[in-house]
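Colleague: Sequence:
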Amino acid sequence: MSSTRETTRPGSVSTSDLAQHDGSGATASLPSRPRRRGAGWAGRAEIAILAGPAVIVFLAFVILPVAMAAYYGFYRWAGYGPPTDFVGLQNYVVILTDPAFLQAIGHNAFIVVMSLIIQGPIAILLALLLNRRMRGQSIIRILIFVPYVISEVVVGTGWSLMLSTNGALNGMLHNLGLGSLAHDWLSDPNIAIWTLMGILTWKYVGFAVILFLAGLQGIPEELYEAAALDGASYWQMQRRITLPLLGPTLRIWAFLSIIGALQLFDLVYIIWGQYVASTAGTSTMATYMVANGRNAGNYGYGNAVAVVIFLISLVVALIYQRFVLRRDTAGALTERKTR
Numbered sequence: 001m002s003s004t005r006e007t008t009r010p011g012s013v014s015t016s017d018l019a020q021h022d023g024s025g026a027t028a029s030l031p032s033r034p035r036r037r038g039a040g041w042a043g044r045a046e047i048a049i050l051a052g053p054a055v056i057v058f059l060a061f062v063i064l065p066v067a068m069a070a071y072y073g074f075y076r077w078a079g080y081g082p083p084t085d086f087v088g089l090q091n092y093v094v095i096l097t098d099p100a101f102l103q104a105i106g107h108n109a110f111i112v113v114m115s116l117i118i119q120g121p122i123a124i125l126l127a128l129l130l131n132r133r134m135r136g137q138s139i140i141r142i143l144i145f146v147p148y149v150i151s152e153v154v155v156g157t158g159w160s161l162m163l164s165t166n167g168a169l170n171g172m173l174h175n176l177g178l179g180s181l182a183h184d185w186l187s188d189p190n191i192a193i194w195t196l197m198g199i200l201t202w203k204y205v206g207f208a209v210i211l212f213l214a215g216l217q218g219i220p221e222e223l224y225e226a227a228a229l230d231g232a233s234y235w236q237m238q239r240r241i242t243l244p245l246l247g248p249t250l251r252i253w254a255f256l257s258i259i260g261a262l263q264l265f266d267l268v269y270i271i272w273g274q275y276v277a278s279t280a281g282t283s284t285m286a287t288y289m290v291a292n293g294r295n296a297g298n299y300g301y302g303n304a305v306a307v308v309i310f311l312i313s314l315v316v317a318l319i320y321q322r323f324v325l326r327r328d329t330a331g332a333l334t335e336r337k338t339r
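Heads up: the sequence shown at position 215 corresponds to 215 in the working numbering, and the numbers run straight through without jumps.
Hints may contain errors.
What the hints assert, rightly or not - Distance condition first, Cα-Cα at most 20 Å in a straight line; then the derived SDA-like pairs of lysine to any residue: (1) 203 x 122; (2) 203 x 322; (3) 203 x 150; (4) 203 x 145; (5) 203 x 252; (6) 203 x 234; (7) 203 x 133; (8) 203 x 265; (9) 203 x 254; (10) 203 x 158; (11) 203 x 262; (12) 203 x 241; (13) 203 x 260; (14) 203 x 157; (15) 203 x 125; (16) 203 x 243; (17) 203 x 299; (18) 203 x 151; (19) 203 x 266; (20) 203 x 236; (21) 203 x 152; (22) 203 x 147; (23) 203 x 217; (24) 203 x 247; (25) 203 x 259; (26) 203 x 270; (27) 203 x 118; (28) 203 x 231; (29) 203 x 114; (30) 203 x 290; (31) 203 x 160.
Stated by the list, open to error - Quick list of simulated restraints, FRET-style, between CB atoms: (32) 54 x 240: 35 to 43 Å; (33) 54 x 173: 27 to 35 Å; (34) 171 x 311: 28 to 36 Å; (35) 266 x 167: 15 to 23 Å.
For the record, the hints were derived by calculation from the structure and aren't laboratory data. Cβ atoms here follow ideal geometry from the backbone N, Cα and C, with glycine treated the same way.
Hey, can you work out the whole structure from these sequences and the hints?
Modeller: As structure tokens, then:
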């Protein structure tokens, strides 16, 4: 019989090299490298079952309405029947050249900036105060958060009655002998936008306080104890420890505040209405959309305005995520490691 000879290629490892002999003469092979397995049909089915309903809802209530709005935006449409009067980009040209819409964009930008400047510091100070042990702490937290959960219709109706010319605020000022401070808080273009900012701050600062309190709970107490041993003052600890570690929560709140300010509609429409808002200097892109779309009977134009608002919000969100939220989302995302 001819013997079989084992051959190996240069640079390769033979099977005899992979075998090791123990003291009893038994041969033990080195542990093999685990092979990476794909998701398989079972894994794909599990992903489809878990993510499928959310994807369907997202497509039905987000993507499809946006696509339909973009389609109707190319027509002059009365809101019923199939659209037939194709106008192309004319609606968008009118929108971007209309001084009323450009003014509404300026109002939204002002609300975005002032919401961050006013609500942010107030919410941080209230959160720091309520994060300390004090009597009635739970009740104060509830009272601060209550305005946020009240319906916008109730808030708008109540404030419009109190701030009218013959409302409760001016009546109280007259009774206190401060009649010179009474104003037309809702119709005066010089102060109406600041009236709106006061209402928005009262309404939404509680949401920011709750977010910041949740973020403060995640800061280890040992850091403050170590800083106190080093002789740091209370405000130095807030500046060097609290604010940096509260950064992710601050950035998320700022993102929500920006998007909400860009899409502000309900309070302005309830308090000022579609006509007073433009003359009082409180109109927004959303109130412009309703006034010049649905109320004017031109639903094609209103859909075009909705698309413009969507694109502006999308661009702002993408820019904010790219340059501000990137440092927070980078650590939360996992990548598949290649061997």
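Colleague: State for each hint whether it applies.
Modeller: Hint-by-hint comparison with the structure:
The straight-line distance between the Cα atoms of residue 203 and residue 122 is roughly 13 Å, inside the 20 Å bound, and the hint therefore holds. A hinted pair counts as satisfied when its Cα atoms are at most 20 Å apart, and residue 203 with residue 322 does not qualify at roughly 29 Å. The suggested pairing of residue 203 with residue 150 holds, with an alpha-carbon distance near 8 Å, which does not exceed 20 Å. This hinted pair checks out: residue 203 and residue 145 have alpha carbons roughly 9 Å apart, not beyond 20 Å.
As the CA atoms of residue 203 and residue 252 are separated by approximately 18 Å, the hinted pair is consistent with the 20 Å bound. Distance restraint check for residue 203 and residue 234: the Cα-Cα separation of roughly 30 Å exceeds the 20 Å cut-off, and the hinted pair is therefore not satisfied. Between residue 203 and residue 133, the direct Cα distance comes to roughly 25 Å. Violation of the 20 Å bound is thereby established for this hinted pair. Using a Cα cut-off of 20 Å, the hinted pair residue 203 and residue 265 holds, with the two alpha carbons roughly 14 Å apart.
For the suggested pair residue 203 and residue 254, the alpha carbons sit about 16 Å apart, so the restraint of at most 20 Å is met. For the suggested pair residue 203 and residue 158, the alpha carbons sit about 12 Å apart, so the restraint of at most 20 Å is met. In summary, the hint linking residue 203 to residue 262 is supported, as the alpha carbons are separated by about 16 Å, within the 20 Å threshold. Distance hint between residue 203 and residue 241 is unfulfilled; the C-alpha atoms sit about 29 Å from each other, more than 20 Å.
Proposed proximity of residue 203 and residue 260 is supported: the alpha carbons are some 12 Å apart, at most 20 Å. For the suggested pair residue 203 and residue 157, the alpha carbons sit about 13 Å apart, so the restraint of at most 20 Å is met. Taking the CA atoms of residue 203 and residue 125, the gap is about 17 Å. The hint holds against a cut of 20 Å. With a CA separation close to 24 Å, the supplied pair residue 203 and residue 243 exceeds the 20 Å bound.
For the hint pairing residue 203 with residue 299, the CA-to-CA distance comes to about 31 Å; that exceeds 20 Å, so the pair is violated. A hinted pair counts as satisfied when its Cα atoms are at most 20 Å apart, and residue 203 with residue 151 qualifies at roughly 10 Å. Taken as a hint, the residue 203 and residue 266 pair is honoured in the structure, with Cα atoms around 12 Å apart against an allowance of 20 Å. This hinted pair does not check out: residue 203 and residue 236 have alpha carbons roughly 31 Å apart, beyond 20 Å.
The hinted pair formed by residue 203 and residue 152 meets the criterion: a straight-line CA distance of about 9 Å does not exceed 20 Å. At most 20 Å may separate the alpha-carbon atoms for a hinted pair to count; residue 203 and residue 147 meet this at roughly 5 Å. Proposed proximity of residue 203 and residue 217 is contradicted: the alpha carbons are some 24 Å apart, above 20 Å. This hinted pair does not check out: residue 203 and residue 247 have alpha carbons roughly 23 Å apart, beyond 20 Å.
Note on residue 203 and residue 259: the hinted pairing holds, with a Cα-Cα distance of about 16 Å set against a maximum of 20 Å. Only pairs whose Cα atoms come within 20 Å are accepted, and residue 203 paired with residue 270 is accepted, the gap being roughly 14 Å. Taken as a hint, the residue 203 and residue 118 pair is honoured in the structure, with Cα atoms around 13 Å apart against an allowance of 20 Å. Distance check on the hinted pair: residue 203 and residue 231 sit about 39 Å apart at the alpha-carbon level, beyond 20 Å; violated.
A hinted pair counts as satisfied when its Cα atoms are at most 20 Å apart, and residue 203 with residue 114 qualifies at roughly 14 Å. For the hint linking residue 203 to residue 290, the alpha-carbon distance of about 23 Å lies beyond 20 Å, and the restraint is violated. A distance of roughly 14 Å separates the Cα atoms of residue 203 and residue 160; the hinted pair therefore holds under the 20 Å criterion. Here the CB-CB span from residue 54 to residue 240 is close to 41 Å, well matched to the stated 35 to 43 Å.
Between residue 54 and residue 173 the beta carbon distance is about 52 Å. The supplied range of 27 to 35 Å is therefore violated. In this structure the hint that residue 171 and residue 311 lie 28 to 36 Å apart at CB is violated, the actual value being about 45 Å. Take residue 266 and residue 167: their Cβ atoms lie about 20 Å apart, and the range 15 to 23 Å holds.
When held up to the earlier numbered hints, the structure conflicts with 2, 6, 7, 12, 16, 17, 20, 23, 24, 28, 30, 33 and 34 and fits the remainder.
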